[in-house]
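Let the sequences and hints guide you as you build the complete structure.
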Amino acid sequence: MNDYFKQKVTEVNKDTEQLRAYNSTDSTVVIAGPGSGKTTVLTLKVMRLLEDVIAEPRGLACLTHSTEAAREFKTRLSKLGLRRRKNVFLGTVHSFCLAEILIPFAKLYPKYEIPDPIRIISEAEKKKLFASVNLHGGTTVTEMDKERTRNIRGISRVALDSYEVALLTAIIFEEALLKSGFIDFISMVKFSVELIQKESFVRKAIEAKFPWFVIDEYQDLGRPLHEIVLSLLDKSNIKIFAVGDADQSIYDFQGAAPDYLHELSQRDDIECIRLLNNYRSAQTIVNASEYVLDNQRGYVASGALRDYPAIMNFIECDSGMDEQYQKTVKLVRQFHSEEIPYHEIAILVGKNDEVKALKNEFDKHGIPVYLARQDFRTTESILWLQNCACWVEDKTKTSFDEIYLTWKSFLSHQQQVINSEDDDLLVRRKLLKVLVESKRYKSNLFEWLHYTFTELDIFRVFDGSGRYPDEIDNFKNLIRITKQTKPVLTLGFIIRLGVPDNQVVLSTRHSAKGLEFDVVIMLGMEKDSFPHFYDTTQRRIDEARRLCFVAVSRARKACILLRSKQLPNKSGRWFSKEPSPFWIILKEFHDANASSKYDQQFE
Amino acid sequence: MNTQPYICKVNIENFRNFRCADFWLNEKQVIIGENAVGKSNLLYALQLILDPTLSDKDRMLDESDFWEGLDDPMTNGKQIIIELWFANFEENKYVLAQLTDAIVMLDKKETLKLTYKFYPYRKIGDTNEYSFIIFKGDDENHRFSYEDRKFLNIRVIKAIRDVESEMRNSRTSPLTQIIKQKYSISKDVLAEISHALEKKGADTLQIGQVEDLESRIQKLINQMVSHNQAQFSVSLKTMNIDATKLLYALRPLIDNRESGNTSLGINNLLYIALILLWIEDETIKTYLPKELYEELIEKDDSDLIKSCYSKSEEINGYTLNDDILTISEKRDELYDFMSETIPTANGVTILAIEEPEAHLHPIYQRLLYRHVMNRSNASVIITTHSTHISSVAPITSIVHLISKSNGTSVKTTARLELDDSDFSDLARYIDVNRGEIYLAKGVIFVEGVSEEYLIPSFAKIMGYELDRLGIVVCNVNSTNFEPYRQFAEALGLPYVIVTDGDYYYKIEEKIKFGDLASKDDVKSGYAGIDRSKKFSGIADIMEAHVASDYEEGITFDDLKIEDQIEFFKSRGIFIGKHTFEVDIFCKCGTATTTERQIICRVFDELTAGGPQQKQNFKDRMSNGEYNKCMALIESSYSQIGKGRFSQRLSSNVTRPMIPVYVEAAINKITELMRRRTN
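Sequence lines, in order, name chains A and B.
Numbering-wise, my numbering puts 257 at position 257 of the first sequence, and it's gapless, one number per residue.
Numbering-wise, my numbering puts 411 at position 411 of the second sequence, and it's gapless, one number per residue.
Treat the hints loosely; a few may be bogus.
Computed beta-carbon distance windows for the label pairs [what the hints assert, rightly or not]: (1) 333(B) / 269(A): 16 to 26 Å; (2) 399(A) / 333(B): 41 to 51 Å; (3) 327(B) / 421(A): 50 to 60 Å; (4) 109(B) / 427(A): 32 to 42 Å; (5) 523(B) / 112(A): 55 to 65 Å; (6) 184(B) / 78(A): 23 to 33 Å; (7) 142(A) / 333(B): 49 to 59 Å; (8) 306(B) / 112(A): 44 to 54 Å; (9) 233(B) / 269(A): 43 to 53 Å; (10) 419(B) / 112(A): 34 to 44 Å; (11) 272(A) / 328(B): 30 to 40 Å; (12) 254(A) / 333(B): 41 to 51 Å; (13) 272(A) / 419(B): 48 to 58 Å.
If you are wondering where the hints come from, they were derived from the structure by calculation, not from laboratory data.
In this text, a Cβ means the ideal position worked out from N, Cα and C, and glycines have one as well.
Here's what the structure looks like:
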C-alpha cells in the first residue's frame, strides 16, 4: 500500500457510508449523489478487492460508461499502486463485450449466428443499411437503436413504453444487419447478453476470470448491462459492486433509464448504501439542486466549501442568444478578475451548435476556451497516440512496452501475425525509431502526426479494419483540426487531451456530466428550450429535470442562469419566450432563501 | 475439488516415433508397449508443452527429432506438431481464469487446447530457419507462457533416477520443495528452534508445520500400503541446525531409519508420496498456525472453522479433524470457505511416472498403482512393462503403443463404451490372467476351456508356437464376445473369434439343440451365426456385402449357410457347426482312424465308469452319435468333464482332428500379425 493509497483510505475512514462500501463483502449498490466521492470509493474498492480478496490470476472487471472514464480510472488506479496484472479489465461495456465475451466465445457457439470473424460495421455503412429499411423515414437511427437496446428479453421486470415505428424498423434492421455479416455496437452487446444468459460455460469462464464486477455510472448503462448483471447474480457466484445515481440518468436517448438501477438496488441479495455527503459544493448549491429535483434526498454539504456563501444569479436578456453569449463573456471576465481561473468556469448550453457560436464569441474577445467535446472521438487509438506523445515528451513517465503492446494488438487485428522473436524485434525497433525521430516535430502537431502516420503507415493498419471501422475517419478529423487551428497546435494539445489548460470550458449539459467547476453558467433557460418543445411526456420532462439537476450540481461556488425574453425560430420569426420551468423553480428557491451579502454585492 | 483437469486428447505429427498419432485419453493412463516403441517420447511430447523444468533450448528441436520416415524434413519445410486438449477444467477457477484463451470446442464440449509447433519461420537462401511456438487455442498470437505453465504443467518421475541423492540434495528434494512452497514459517520460530537444537542436540523438529508434514506423509504412505498390518512411522530430522538452513536439510526417517537404508524400494514409495503431496490441492489446510486460525475465526460467521479444527498445544496451532475430508458436504463447505478467504492460486500438475516397476517390489507396484489410480485426485500417466500394474489398471485407462512401419500407432481404451457388467467381466478376466492380453500381439477369443487347451496344440501341429508368437488364447467363458472384441479393437490388437455353431432345428416352433445336423431337418439354424449377426457394427457390413455382391431384394438371411459363414470368416469370426468337441469328433472319421482310437483311448483313461461305459462310448463314436459321446464325457457317471478331457487330449492331438474353421482361424491370426508388423 503506497502513501497515496493510505491517505485515501484515511479519508474514507472518516465517512461511515464510504467505509461501509469499501469494506462490503457482498454484492453492493452504492447510490452516490453529486460530489459524494464515488470515484474515490470505486478506485479504492478495486484496489482492496485486488489486494485482499482476489488471488491471481483471477481479477475483476471494472466497467465504465466511456473510454475517457476508463482512462481516468486507469490513471487513478496506477497512482494508487495498481500493477499490471492478468484479468483486470478496465473499459467500457462495449469493449468488455467484444474482448471478453464475443471474441473468446462467439466462435464456440455457432448456433447464435454471431458473424465470424467479428467485423464491426462502419457508421457510413450502418447509415446506408438503415436507410434501406427506413423507407418511409418514420424514425431515426438513434430512436431505433434505443428500441433495440431496450427490447431484449431477460430477468428485469422494468417495462418501458416503446415507439412502435422505431421498434418495427429495429426488427427489420437487425435481420438486415445479421445478413450483412457485420455487427454494430448494439448487437455486440445483445449477442453478449444472449451468450451469458444461455451458456453456463460462458458464465463459468467469466466468473473464473472476474469474480467481481465493479460498475460505474450504472444509471447510464441501460438494459443490456442490467440483464448481464441480473443473469450473473442469479446464475453465478459473481459479485457486483455498482455505483450510480438514478437522479443523474440523462441518457434516455441511448436507452438508459433510472429504473434499472432502482430495480437492482431493491434486490434481496444486494446491500444498498447511500452516500449523502456532498464534498463538492456549498450547501446552497446542494439545496438548489435538490429543489430542482423536487425530491428530498437529504444531501449534506460536507466539504471545505460547506458554508461558502454561494452565488445564484438569474440574468434576463431582451432578445436572441447573442446577447446571452455577450453577457456570458462579461461574466467570465468578472469571475476571472476575482481570481477564479478560466478552467474553473463552465458554460453549459443545450446544443452543440450553441457551443460553436459561443466559441466564436470567446475567440473574438481572446479568451481561451476548451471544448468538452471535440470533433473527433477519444478512441483507443487516439489514447494510444496520446501515450506516444507523452513518451516523446518524457520517456520516464510512460512505458514504451505498453505503447508497443497496443501497437502490436492493432497490427494483429489486421491479421498481421508476428511470427517470431526476430519479427517482433523488428516491429519494435521500427516503432521506437519513428517515435524517437518524431521529437523533431513536437512544436507542430500537424507535422508530428504527418510524420508518424506516414512512417508507421497507420492508415494502412486500420484500412478496412473489422475492429475499428471508423478509425481512419476519426484520425482525419483530428488531422483536419490540427491543420486548421491557429495558432498552430503543439504536441501539448494531444498530451493534455481531455484536460483544459486554463481555458473556459464550453459544453453541452450532457457532456458536463462527471465534471465539476467553481462556476457554472447555464444558458438558454427558456420555456421550450429546456425542457425542449418535444419533451411532452412525463418521462421526458423528468429526464430534463434530472439533466438540470446534473447541471446545477456541477457547481461548487456559483450557478448563474441566463434567459432571453425573445428568440427567433428556425425561419427567423421572433417569439416572446417564457422562462424555463427550472428557471422558475430555482428562482423560487433563491428568493425564498435570504440572499447572501456577496450575492447582493455582485448585483 | 473432485477430479483434476486432464489431457483428454493428443495429436502428434512427425515427432520421433510418431508420424501421425491421434488418440483420446482419460484422467488416469497406463502406457504400455514394447521397448523402443516410443513410450518415453510420448511423454516427452507432453513435456515439450507442459514441463516447467525444460528450458527453451530443450524445446528447440532439431532434424533428429523428426519422424525417421521423412526425407530431409527441414529442407522440405516439414513441421512437428503436438496438440493437447484438456477436459474437466471448468471447476478449477484459477486454471480457467489463466487459460481462457485456450478454449476450443471438441466433440461439442469446451476444452482447453495447447499446441506446440516446430516450423520453418523464414527462408534464408535455400535454408529454412526453424523456430518453435507454443500457443493457446487456435490463435497463434496467444502464446502459452511461463506464467500459464504455472497453472497447468506436468511433472515426470524418470525411470532412471537416483532417489537417494535427489532426496539428499536440498535443491531437488521434494521435501524441501514442499516446505518452501506450501508452508510459511517465521524466521523467529526458526531461530528459536535452532537455538533449542543446539542446546539439546535433538534432531527432530517441534514446529507445527513440520509435524503437520510428517503426519501427512505418514498417513499417505500407510494409505498406499494399507493392505498389510505393518504401519510405517515417518519422522523428519534435520541435518543442519543453522536457523536459515534447517528446513532445507530435512531428511525423512522411516521407522527411525534413514529411508535409503530400507529395503523393497520404500524410499521410492516415499519419494512418490512426496511428489503426490507436492502436487496436491492445498486449499484445505491440515494445519493452521495460531495467528491464521484466529484470522479465519474472525471472518467465519458460522463456526465452520471451529468445528473442523482442534487445538494442538505442543505445536502452537490447530489441526484438521480426521473425519472432515471424508464427509463430503463438510469438506466442500470448508473448501469453498478457504478458497474465498485465503485464496491460494493452485496450479494443476499432471503426474507422469516412468516405469515405477524398476524400483519397486511387485507388491508395492500394485499397491502404489491402486492408490494413484483410485484415491489420488491427480491426473496420472504411468508407463510400464509390468503387468502387475497394467493388470489392475481400469479398463479405460490403457494406452497401447504399437510399432508399425509408418510410425508408432497409439491405441487407447479411453472411449470404450460398455455397460457396467461387461466392464467388470473384462476387468476380472484381465486381473485373473495378470494382464497377459496387454503383452499379446494377437488374440484368439474362445468360448470355453476346451478351446483354451486344444487350440495351442492344434497350432503347434500346424507349425505355430502361439506362445512364442505372442498369441494369446483368451477364454471368455461364455459367448459374450462383444466387450472383448471392442477392447481388442480399441487396443489395436489383431484378433479372431472362434465360436461354436450350435446347430439347432425346430419342431413345432420349439428350438431343439444338441443333435447333429441332418438334411432331414426342415427348419434349422446355427445359434453361432445368430449371435455373430448381433456384434456391434456387423449389421451394416452385412448389408453392404449383400448389396454389392448379390441381386437386389436379397437379404443376408437369404444367403446359403456356407456363404454366411464365409462372410463372418472374412471378418475374423470363425463359426463351427456344433460344439467344439463334436466338431473335432466329426473330423475323426471312420472307426479305423488313428484319431478315433486316440479319442477312445483318452476316454478310457479318464472315465470312472466301467467297461460297459467304455464300450458304449466306442459304439457311439462308430455310429457317428458324437453328441451322445459328449454327453458321456460330461456325465456325472464318468466324472471327466470337458476341461479334463481336452487337457488330456491336447497332448495327443493329430493334424486331421483340427476342425476346418479352427484351422482357418489359426491361419488368419498369424496372417493378421504378419500384416500388422509390415
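Here is how each hint holds up against the structure:
Distance hint for residue 333(B) and residue 269(A): a CB-CB separation of about 19 Å, consistent with the stated range 16 to 26 Å. Look at residue 399(A) against residue 333(B): about 44 Å separates their beta carbons, and that is inside 41 to 51 Å. Checking the proposed 50 to 60 Å range against residue 327(B) and residue 421(A) shows it holds: the Cβ atoms sit about 53 Å from each other. Remark: the range hint 32 to 42 Å for residue 109(B) to residue 427(A) is upheld by a beta-carbon distance near 37 Å.
A hinted range of 55 to 65 Å for the beta carbons of residue 523(B) and residue 112(A) is consistent with their spacing of about 60 Å. Between residue 184(B) and residue 78(A) the C-beta distance comes to about 29 Å, which sits within the given range of 23 to 33 Å. For residue 142(A) and residue 333(B), the hinted distance range of 49 to 59 Å is satisfied, since their beta carbons lie about 51 Å from each other. Checked against the hint of 44 to 54 Å, the C-beta distance between residue 306(B) and residue 112(A) comes to roughly 48 Å, which is consistent with it.
For the pair residue 233(B) and residue 269(A), the supplied restraint of 43 to 53 Å holds, since their beta-carbon distance comes to about 51 Å. Separated by about 37 Å at the C-beta atoms, residue 419(B) and residue 112(A) satisfy the suggested range of 34 to 44 Å. Under the hint 30 to 40 Å, the C-beta atoms of residue 272(A) and residue 328(B), about 36 Å apart, fit the expected range. For residue 254(A) paired with residue 333(B), a C-beta distance near 44 Å keeps the hint of 41 to 51 Å intact.
For residue 272(A) and residue 419(B), the Cβ-Cβ distance of about 55 Å falls inside the hinted range of 48 to 58 Å, so the restraint holds.
The earlier numbered hints are all upheld by this structure, with none contradicted.
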